[in-house]
Every structure is written in C-alpha cells, then in structure tokens.
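Engineer: Each chain, letter by letter, is given below.
There are 2 protein chains.
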Amino acid sequence: MITKLISKIRKTNAPIVVGLDPMMKYVPEHIKKAAFAEYGETLEGAAEAIWQFNKGIVDAVCDLIPAVKPQSAMYEQFGVPGMAAFKKTIDYCHEKDLVVIGDVKRGDIGSTSEAYAVGHLGKVQVGSSSYSGFDEDFVTVNPYLGSDGVNPFIKVCREEKKGIFVLVKTSNPSSGELQDRLVRDEKHSVDRPVYEIVGEQVAAWGNDCMPEEGEYSYIGAVVGATYPEQGRVLRRLMPNAFILVPGYGAQGGRGADLAHFFHKDGLGAIVNSSRGIIAAYQQEMYSHYGEKAYADASRAAVLAMREDIMSALHQVH
Amino acid sequence: MITKLISKIRKTNAPIVVGLDPMMKYVPEHIKKAAFAEYGETLEGAAEAIWQFNKGIVDAVCDLIPAVKPQSAMYEQFGVPGMAAFKKTIDYCHEKDLVVIGDVKRGDIGSTSEAYAVGHLGKVQVGSSSYSGFDEDFVTVNPYLGSDGVNPFIKVCREEKKGIFVLVKTSNPSSGELQDRLVRDEKHSVDRPVYEIVGEQVAAWGNDCMPEEGEYSYIGAVVGATYPEQGRVLRRLMPNAFILVPGYGAQGGRGADLAHFFHKDGLGAIVNSSRGIIAAYQQEMYSHYGEKAYADASRAAVLAMREDIMSALHQVH
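Sequences listed follow chains H and F, in order.
Here our numbering is used: the first residue of the first sequence is 0, the next is one more, and so on.
Here our numbering is used: the first residue of the second sequence is 0, the next is one more, and so on.
Calculated directly from the structure, the hints in this document are not laboratory data.
The reader is advised that the hints may include incorrect statements.
Because identical chains share one entry, a pair is satisfied inside a single copy or across any pair of copies.
To be verified - The calculated lysine-lysine pairs, modelled on DSSO-like cross-linking and capped at a C-alpha distance of 30 Å, are:
#	residue 1	residue 2
1	Lys291	Lys122
2	Lys10	Lys87
3	Lys263	Lys291
4	Lys54	Lys10
5	Lys24	Lys122
6	Lys24	Lys154
7	Lys24	Lys160
8	Lys122	Lys87
9	Lys32	Lys122
10	Lys122	Lys86
11	Lys160	Lys122
12	Lys291	Lys87
13	Lys24	Lys87
14	Lys160	Lys3
15	Lys86	Lys54
16	Lys154	Lys95
17	Lys291	Lys154
18	Lys3	Lys54
19	Lys86	Lys10
20	Lys95	Lys122
21	Lys122	Lys54
22	Lys24	Lys86
23	Lys7	Lys54
24	Lys32	Lys86
25	Lys10	Lys95
Produce the complete structure using the sequences and hints provided.
Structural biologist: Spelled out as structure tokens, the structure:
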C-alpha cells in the first residue's frame with residue numbers, strides 16, 4: 000500500500016491528504032435539512048449529514064489527491080450511527096481509488112492491539128468466513144506502550160500489505176510536555192528528546208518492513224508541520240519512513256515549514272489538511288462560493304495547497 | 000461517578016472490575032450456534048454471540064462487583080456490528096447498576112480529544128437535541144500528546160460528573176521501552192522515569208478535580224499489576240488518584256503483588272481481570288462447570304479473586 004500511495008502521489012503531483020473530520024458546524028444547512036427531514040434530529044440524522052457532506056467533498060477532489068484521512072473521533076462522537084458513517088466513507092473512498100488513512104491513534108497491549116489491527120486493517124474470522132471490520136489502508140498508532148503495542152499492527156500489515164504511521168512528534172502545542180523530555184542515552188552519553196527515541200524505534204521497525212520495490216517502508220511516522228526543526232532531525236533519523244504531516248493550515252503550519260519533511264526527490268512526506276479544505280467555504284478567501292458550492296470551495300483550497308507546497312519544495316530543493 | 004464507584008466497592012467489599020473483552024474463542028458453542036442460526040456466520044452473528052456471552056456473565060456476577068471494563072478493541076474487530084454490541088453491553092451494565100469503564104485508550108489533539116470525550120462520556124448536539132454516543136462512566140486515556148489531549152476529557156468529566164484513568168505504567172512486558180526511560184528533572188537535579196513524570200501530571204490534573212465529598216479525584220491512573228514496585232512509588236506520588244490495575248491473573252499479577260497499589264484503608268485501587276473471569280470455564284480449575292454453565296464458572300472465579308485480593312490486603316495492612 001505504501002507503493003500505491005507513492006505512485007498516486009507521483010501521478011497527482013500532490014503530496015496531500017485531505018482530513019475528512021466532519022463536525023456539524025462545517026456541514027451546510029441544505030445538507031443538514033435533508034438529512035434531518037429523512038432521519039430527524041437524531042444520531043442517524045447527524046451520521047447521514049456528515050456522510051453526505053463527505054461524499055460531496057470526495058467527489059469534488061478525488062482526481063486531485065492520493066489519499067484521505069478520516070478522523071475516527073469525529074464519527075465516534077455520533078455513536079454507532081457515526082461509526083457506520085465512518086465505514087461508509089472508507090468504502091466510498093476506496094471506490095474512488097483513494098488511499099485511506101484511518102486516523103484512529105490506537106495502541107494497547109499485545110492481544111488487544113491485535114484486535115485493533117484486525118478490525119482496522121485485517122480480517123476477522125467468524126466461523127468459516129472472514130470479514131473486514133473497517134478496512135482502512137493505513138492507521139495511526141500510539142507508541143506509549145512500546146513494541147508489544149506496535150508489533151501486532153506490523154504483523155497484520157505484512158499479511159495484508161498495508162501500513163501504519165506511528166505518532167512521533169504531534170502537532171499540538173502541548174506535545175512537548177512528554178515528547179520533548181530529555182532522556183539519558185547511555186550508549187552515546189548524551190541527553191536526547193523522547194521523540195528522537197521513538198523516531199529511532201520507527202526506523203528500526205521499518206528495517207524489516209520494506210516492500211519488494213521502493214525505498215520506503217510501510218512503517219511511517221507522524222510529525223507535526225508546526226515543528227519544522229524537529230521534522231528536519233527526524234527526516235534524517237528515519238530515512239526510509241514516510242512522514243504523515245498534520246498541522247498544516249488551520250493549526251499554523253505553512254508550506255515554507257514543510258520542505259525539511261521531504262527528501263530531495265520531493266518524496267517522503269504527505270501533508271494533511273482537514274478544516275482548511277473541508278470547511279474552506281467558511282473562510283473569507285473562499286466565501287464567494289457560498290454554502291451550496293462548498294465542495295467547489297474545497298477543490299479550490301486543494302489546488303491552492305498543492306501550489307503552496309510544490310513551490311516551497313522547488314525553492315528549497 | 001468516582002463517589003459511586005467507591006460506594007459500590009465498599010458495599011460489595013470487592014475492589015474488582017471484570018474486563019468484558021470477548022473473543023470468539025471464549026464464546027461457548029451453544030451461544031455461537033444460536034447466534035449464527037439467527038444471523039449467519041457474519042459480523043452481525045459474531046456481534047450477537049459476544050453480546051449474549053457478555054449478558055450471561057453480567058447476570059451471573061453483577062451482584063458481586065462494582066464495575067465492568069469493556070475493551071473497545073474486542074468490539075471494533077467486528078466492525079460496526081461490533082460497536083453496536085459494545086453499546087448494548089454498556090447500556091445493559093447500566094441497567095444492572097454497574098459502573099462502566101470504557102477501555103478505549105483514546106487521546107488526540109485538542110478538538111479531536113473533545114470529540115472522543117463527547118462521544119464516550121458526554122452528549123453531542125444534533126440540531127436542537129442532544130444524545131449520548133456510547134455513554135461510559137469512565138474511559139482510559141493515553142497521555143502521549145500532553146495536556147491538550149487530556150484537558151477536553153477533564154472538561155466533559157466535570158460537566159457530566161464522570162472520570163478518566165490516564166495510562167501511566169502499563170502492564171505489558173515492553174511498557175518500559177518508553178515509560179521507564181530516565182528523564183532529566185532539572186528542578187531536582189535527578190533522573191526520573193517517564194512514568195513518574197506522567198504520574199505527577201495525573202496528580203496535578205486531579206488537584207482541580209475533587210468531587211464535593213471524598214478523598215479521590217475523578218482523574219485516575221492505570222498502573223499494571225505486573226509492576227508492583229512501580230505501583231508503590233506511584234501510589235505515593237498520586238495520593239488522591241484512584242488506580243485501575245490491569246494485569247492480574249492471566250498476565251501474571253498475583254494478589255500479593257497488589258497490596259502497594261492500595262491505601263491503608265483498603266481503598267484507592269480497583270483490580271481488573273478479563274480472561275481469568277470471562278473464560279474461567281476454559282481453565283482446569285473451573286472446567287467441571289462445563290461450557291453451558293460458563294457464567295457460573297465466572298462467578299466462582301470472581302469469588303476466588305475477591306478472596307485472593309482481600310486476604311493480601313489484610314496481611315499487609
């Protein structure tokens with residue numbers, strides 16, 4: 000799947016992933032009205048509204064981008080009907096040949112991580128049949144529990160030719176509280192931040208997870224656009240890891256900050272934008288599209304983001 | 000909710016939580032057969048089987064225990080129907096007046112953690128109505144993203160009078176890879192493990208989260224039974240935090256290891272057992288119950304666990 004992701008990035012010339020993180024306040028009135036008319040102001044109504052909202056955006060941008068990243072939390076907030084909308088969104092994106100990164104940030108002890116891996120990337124056995132639970136192509140994984148929590152994902156990835164992105168340095172303001180703490184590295188007699196230690200683990204896990212062709216393992220890393228200096232260090236520490244970069248746009252990351260997350264050939268990273276794309280019509284710059292044409296505004300925002308990133312890459316490399 | 004948990008622990012004289020982590024291999028044949036007859040060998044069939052399995056256990060042990068802890072992963076592996084069984088289990092446990100700890104180990108950046116908190120502990124607004132998504136009483140939270148990821152949970156807990164357990168030192172063998180790393184503490188000029196740093200954060204978050212009555216905040220911690228020495232240190236570092244202790248039984252923790260997780264009054268911790276209770280009938284000691292009476296075997300295992308823990312507490316304190 001990492002090979003497919005890279006080939007689609009090359010084809011679209013857009014190292015961009017659109018975060019499908021629907022909140023009710025982003026959904027245009029006409030969509031909510033139709034959904035509530037059919038299902039009432041219920042969880043089912045909300046789930047229908049976010050699914051229709053997603054579908055409009057996917058239809059408008061699917062030829063421009065290689066991948067989408069639905070954020071599980073935004074669906075879980077609507078309970079079981081929300082999870083059904085999550086699954087429907089994943090299936091629809093597959094129909095449109097998009098790579099789907101499930102932003103689930105799961106991670107647990109061995110047997111439990113295995114159940115998460117099976118549910119999101121693999122197939123579960125039921126009697127003599129087997130089924131995909133959610134069927135993403137990649138998921139994000141939290142490293143706090145160590146190798147036990149990550150290895151079951153790697154095992155399923157190997158079987159299913161899928162991949163993961165491990166949280167290394169997250170984009171939020173307080174990520175440093177734990178991730179920037181200096182840890183004693185006895186071997187090298189220096190103090191090094193936690194994110195470097197985790198980055199080295201990602202590199203080590205990836206060594207055994209190279210696809211038959213290509214330079215990137217299917218064990219990637221999450222490093223926030225809001226921390227470009229750390230991105231530069233981590234790019235060097237994990238030369239074969241693809242980096243998923245959140246935090247562009249609404250969270251403050253700019254194109255110029257991103258160059259160091261990429262290799263010189265312009266590959267090695269994929270940049271996520273959620274609100275900046277899916278709620279573009281609510282920004283002044285795109286407000287002339289109006290609510291009804293919200294998906295056209297999203298398309299314009301994807302084109303602008305591609306321009307911003309590609310020009311930053313050309314300037315530096 | 001922490002007040003209710005403590006009052007139920009006092010009433011049952013059992014600081015025990017039963018982990019409802021159903022795997023198909025634990026479910027007796029007669030339950031699978033009935034579920035598959037109705038729904039086929041499908042995800043719906045599997046979800047029906049684990050729900051009926053849970054219901055049998057809850058009916059058999061609900062008068063003995065204060066709380067249950069369904070593990071989200073074991074339901075997510077069966078996709079959307081699995082999540083419906085998760086919700087059904089939560090609702091049924093509430094009917095039986097059990098405290099429900101959702102073992103979801105979520106954690107993300109601010110707005111996303113807020114959606115998780117709303118979905119699992121709070122209420123989501125849909126038009127002019129509001130709904131509970133999953134409606135647990137407590138959830139487990141991963142601290143890797145720092146305060147940004149935890150504060151939205153605290154906010155919802157305050158509004159809903161619910162609580163969280165933050166992962167501090169997990170029970171699995173590789174938990175030390177990150178959690179035991181020594182971090183430079185400039186203020187005290189010493190090196191201290193990551194789990195102590197996180198434990199201090201839990202204590203600090205808890206200071207502002209005390210219920211109107213009682214000595215325990217509604218910000219608890221997860222510390223594995225498999226690490227009793229660390230449990231002793233953390234008990235001292237977080238005097239007002241309730242500790243959720245996984246790893247008893249199948250993972251190797253014994254009653255004698257648990258004493259240090261408790262305060263001298265016998266409160267302050269609640270010990271989880273999953274496989275050891277729900278699949279008790281598959282152990283030699285309880286095999287005479289047979290598959291059909293699997294729930295009676297679970298009841299016997301709860302009684303034995305209560306005895307083991309209470310006698311360990313009496314010996315030490």
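Engineer: With reference to the structure, classify each hint as holding or not holding.
Structural biologist: Hint by hint, here is what the structure shows:
In the homo-oligomer, the alpha carbons of lysine 291 and lysine 122 lie at most 30 Å apart only across protomers (29 Å), although the nearest pairing inside one protomer, at 39 Å, exceeds that limit. Proximity of lysine 10 to lysine 87 under the C-alpha cut-off of 30 Å is restricted to the intra-copy arrangement: shortest distance 26 Å within a copy versus 45 Å between copies. Taking identical chains as interchangeable, the C-alpha atoms of lysine 263 and lysine 291 are never at most 30 Å apart, the minima being 41 Å within one chain and 64 Å between chains. When the C-alpha separation of lysine 54 and lysine 10 is checked against a cutoff of 30 Å, the pair qualifies only within one copy, where the shortest distance is 22 Å, while the shortest distance between copies is 52 Å.
Proximity of lysine 24 to lysine 122 under the C-alpha cut-off of 30 Å is restricted to the inter-copy arrangement: shortest distance 16 Å between copies versus 35 Å within a copy. In this homomeric assembly, lysine 24 and lysine 154 come within 30 Å of each other (Cα to Cα) only across copies, at 20 Å, whereas the closest approach inside a single copy is 39 Å. Taking the closest pair of Cα atoms, lysine 24 and lysine 160 come within 30 Å of each other only across two copies (26 Å); inside a single copy the shortest separation is 37 Å, beyond that limit. Both within a single protomer and between protomers do lysine 122 and lysine 87 lie at most 30 Å apart by alpha-carbon distance, with minima of 17 Å and 23 Å respectively.
Within a single copy, lysine 32 and lysine 122 get their C-alpha atoms only as close as 37 Å, which misses the 30 Å cut-off; across copies the closest is 21 Å, which meets it. With identical chains, the CA atoms of lysine 122 and lysine 86 are at most 30 Å apart both within one copy (14 Å) and between copies (22 Å). For the homomeric pair lysine 160 and lysine 122, the shortest alpha-carbon distance inside one copy (13 Å) is at most 30 Å, but the shortest distance between copies (38 Å) is not. Taking the closest pair of Cα atoms, lysine 291 and lysine 87 come within 30 Å of each other only inside a single copy of the chain (22 Å); across copies the shortest separation is 38 Å, beyond that limit.
In this assembly of identical chains, the alpha carbons of lysine 24 and lysine 87 lie at most 30 Å apart whether taken from the same copy (21 Å) or from different copies (29 Å). Taking the shortest Cα distances, lysine 160 and lysine 3 sit within 30 Å of each other inside one copy (10 Å), while across copies they are farther apart (47 Å). In this homomeric assembly, lysine 86 and lysine 54 come within 30 Å of each other (Cα to Cα) both inside a single copy, at 12 Å, and across copies, at 27 Å. Taking the shortest Cα distances, lysine 154 and lysine 95 sit within 30 Å of each other inside one copy (27 Å), while across copies they are farther apart (39 Å).
In this assembly of identical chains, the alpha carbons of lysine 291 and lysine 154 never lie at most 30 Å apart, being 45 Å within a copy and 35 Å across copies at closest. Only within a single protomer do lysine 3 and lysine 54 lie at most 30 Å apart by alpha-carbon distance; the minimum there is 22 Å, versus 44 Å between protomers. For the identical chains of this complex, lysine 86 and lysine 10 are intra-copy neighbours only, at 27 Å inside a copy versus 43 Å across copies, given an alpha-carbon limit of 30 Å. With identical chains, the CA atoms of lysine 95 and lysine 122 are at most 30 Å apart within one copy only, with a shortest distance of 22 Å there and 34 Å across copies.
Taking the shortest alpha-carbon separations for lysine 122 and lysine 54, both the intra-copy value of 26 Å and the inter-copy value of 26 Å come in at or below 30 Å. In the homo-oligomer, the alpha carbons of lysine 24 and lysine 86 lie at most 30 Å apart both inside one protomer (21 Å) and across protomers (26 Å), since each shortest distance falls under that limit. Only within a single protomer do lysine 7 and lysine 54 lie at most 30 Å apart by alpha-carbon distance; the minimum there is 20 Å, versus 47 Å between protomers. In this assembly of identical chains, lysine 32 and lysine 86 lie within 30 Å of each other by CA distance both inside one copy and across copies; the values are 23 Å within and 28 Å between.
Taking the closest pair of Cα atoms, lysine 10 and lysine 95 come within 30 Å of each other only inside a single copy of the chain (15 Å); across copies the shortest separation is 57 Å, beyond that limit.
The structure is inconsistent with the numbered hints 3, 17, although it conforms to all the rest.
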